[in-house]
Amino acid sequence: MSNTQIATPRQELLYMVVLSAVVLTMPLWLQPFGAAYPDLMQKFMIFGIFAIGYNILFGLTGYLSFGHAAFLGVGSYTAVWSFKLLSMNVVPAIIFATLLAGLFAWLIGFVSLRRSGIYFSILTLAFAQMSYNLAYSVLTPITNGETGLQLNQADPRVIDRMAGIEATSGLPNTNLFGLEGTGYTGFYICAIILIVAFFISMRIFHSPFGMKLRAIKSNQTRMSYTGYNTRPYLLTAFIISGMYAGLAGSLLAMTDPLAGAERMQWTASGEVVLMTIFGGAGTLIGPLLGTGIIKYLENIFSAFNDSVLHNMFSFLPDWLNDILTAIISPFVGEGWQLLLGIVFMLIVIFLPGGLMEGYGKISRMIRDRRQKPADDGSSDTQHSTGEV
Amino acid sequence: MSENKIIRNVSRRTVLKGSALTTGAAIIGATAPMHFIRNAYAADSFRGDPGSGKSIFLGFNVPQTGPYADEGADELRAYKLAVKHLNGEGDGGMLNTMKPNNLKGNGILGKKVEFVTGDTQTKSDAARASAKRMIEKDNVAMITGGSSSGVAVAVQGLCQEMGVIFMAGLTHSNDTTGKDKKRYGFRHFFNAYMSGQALAPVLKDEYGTDRKAYHLTADYTWGWTQEESIKAATENIGWTTVNAVRTPVGAGDFSQYITPVLNSGADVLILNHYGKDMVNSLTQAVQFGLKDKMVNGKKFEIVVPLYSRLMAQGAGDAAKGILGTTNWHWSLSDAGSQAFVKSFGQEYGFPPSQAAHTCYVQTLLYANACEMAGTFAPWEVIKQLEGYEFDGMGNGPTLYRAEDHQCFKDVLVVRGKEKPQSAFDLLEVVKHVPRAQVEYPADMFGGELGPYKV
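So the sequences go chain by chain: A and B. If you use my numbering, the first sequence closes out at 478, no skipped numbers anywhere. If you use my numbering, the second sequence closes out at 458, no skipped numbers anywhere.
To be clear, the hints were calculated from the coordinates, so they are not data collected in a lab. Given the structure is predicted, the values throughout are model-derived calculations rather than measurements. The C-beta atom is built at its ideal place from N, Cα and C for all residues, glycine as well. Treat the hints with care, as some may be off.
What the hints assert, rightly or not - Here are some, though not all, of the chain A residues that point toward chain B, as calculated from beta-carbon distances under 10 Å: (1) G124; (2) D250; (3) L348; (4) S419; (5) G423.
Model the full assembly from the supplied sequences, consistent with the hints where possible.
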């Protein structure tokens, strides 16, 4: 298991190369799956960042937070306000969103981390739901309530105006020094940020700090007895994962400059928990896998209707086609969550470690089979740390 | 701590190597796939262009879950019917009564009409994601639907940015074609201001000029503008407003909002709610005995400014005798309405709702504008729709005003029937308010349409 091993630099490098290659070529290999359109690929990246960050808290320390959507929402609102007040450039938006989400995480974490286990979960859930309801009621001047915070032709955009950029016709686009924040360029911006975010998370996983977080997960009491004060470590992990969420929120606002309160609802917090568990909590790549699958189900399967299914099975005889369509149709379209529920159940029952456990099982099976005839196939995975 | 040291030494190298490699990969990755970037169009190309394909795709974005799901389901039925009629299947419905009519029943501009669907969940985020999928993946030429003004405003903004025409479904907020109007957005449905203007004279006749009103308002753009419009219209006939309380959408339980009404001294409750919210709040208000109360020596009354048959059906007995306005009702006797009710009834076995009507009409109007323009290029289609006058679609002579893309037509004031003849015969038309009475200057709500080409 990768979370107990100390990775060699070569392994880390390999991770980064493979991940970068896979992520940046997404528009090509997602084509056959019907998912190679910018909006969905952006979602893969953004929620991937969200899940990676969440995994730093949940995967390493085992603290199950049910309130991370609040930080996502804070990030989104901050970013949209930055677009409105300062500039359509995404740099200030991303910086402010990440910082403010971190500040929020510090406040909420400071209180919630006084408790552990289920009490911690409930506290974070309560805080998130409170933020959601505040966004809907008292804070409507800031959040614009149910309608959602949107850009306006007449927004001040101080920095843009100073630089002499005026919105002449229509709403201005979000941009990164001229690169548009939407469409394919938007996807590449998100993808590069994801790669950087993944790198940071990997360094945290393999650092002494990450080791201490794991120690908290395995036995917090014992760790306290050895003289460590665990709370600062926990709080740091909480803040980092909150900042990741804020970053994801600001990217959501970049690709679509509208922030709605439903982003902060507890179902959104639950979604990131699902993603992480789905892929494998505590593993590096697992949350990304989970994000991909859940977002794919949500966006592609929810759009299937009877006629699509009929077309899919058109190679079959009519009666079989009708029967198959009738069986499958409750699980797609508006019933896609039913399908998600079933898949989730299967995973939790048979692969409690998520998809990464499945991957581990399969690769171990293959290795064992290869090892039987000749005992040399596995040596490449056992580098010592001294070797470079 | 030697292990820590090693790791730290290593990390610096890895950072360097990793970042160098990532940048390299990024450059390759970012430049390689440029050739299939979809929006790298020439000046005259546009999104949703079917090109030489045999089909034209339309996107039907309706709430399939959430508080407005009933309306969404009915909208989808209407869309499917409209597609059938456009493709020359079925009995043709309003294609036979619409004047002027360029549609031939062979699709649009000779291309077969096909559609994709999506669930807005009555959430701005989900609705925009679904609309984006339709535009980026399914290459739709037009998006239509929605049963909430919050969603309509959000999707309309997106469609303006993307350059795809949005034919709004059921949206009643003044903002949709007022403050938030867009060049690419069109609304056939009436709005809150028109409801107020149509309803106030009837309220004056029925309940007199000395009334105290209490508003419960859905807390989003539609609720806000309806509260404002109804307040203005009722205060104009001498009523006073005691209080206006905002309630969250999809609240389910409204008892905590209804109890204070009893002690407020108000003698009229105005429910600025819609869909399941209205069904719940009205039913609960009646259960609390508001309708049987006497306040200030007058009988307590409840008013639902935006009424629909679906909601009356949901509220059952509670809806009896309640006044409100509606865009259209299936019992109308003009040729267009009858043709639509007949083909809808044959298809599904029950009459259509006003949501279904407006969505059906919007689809036909878009198709007709494409035929008139002779192209799917949105800026040409928009020019055909702007200032377009038509008749035979159930509301009498109607104008699509060029300045704000709002339709102007007669408004119906309706009342919940005391003795319904059937499960669908729930509303009776009290008054047919002529178009002239609900018109207003185009610049009253401000807003900016934006450019033709984006």
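Consistency of the hints with the structure:
no.: 1; hint: G124; in the structure: 7 Å, holds
no.: 2; hint: D250; in the structure: 17 Å, violated
no.: 3; hint: L348; in the structure: 6 Å, holds
no.: 4; hint: S419; in the structure: 13 Å, violated
no.: 5; hint: G423; in the structure: 8 Å, holds
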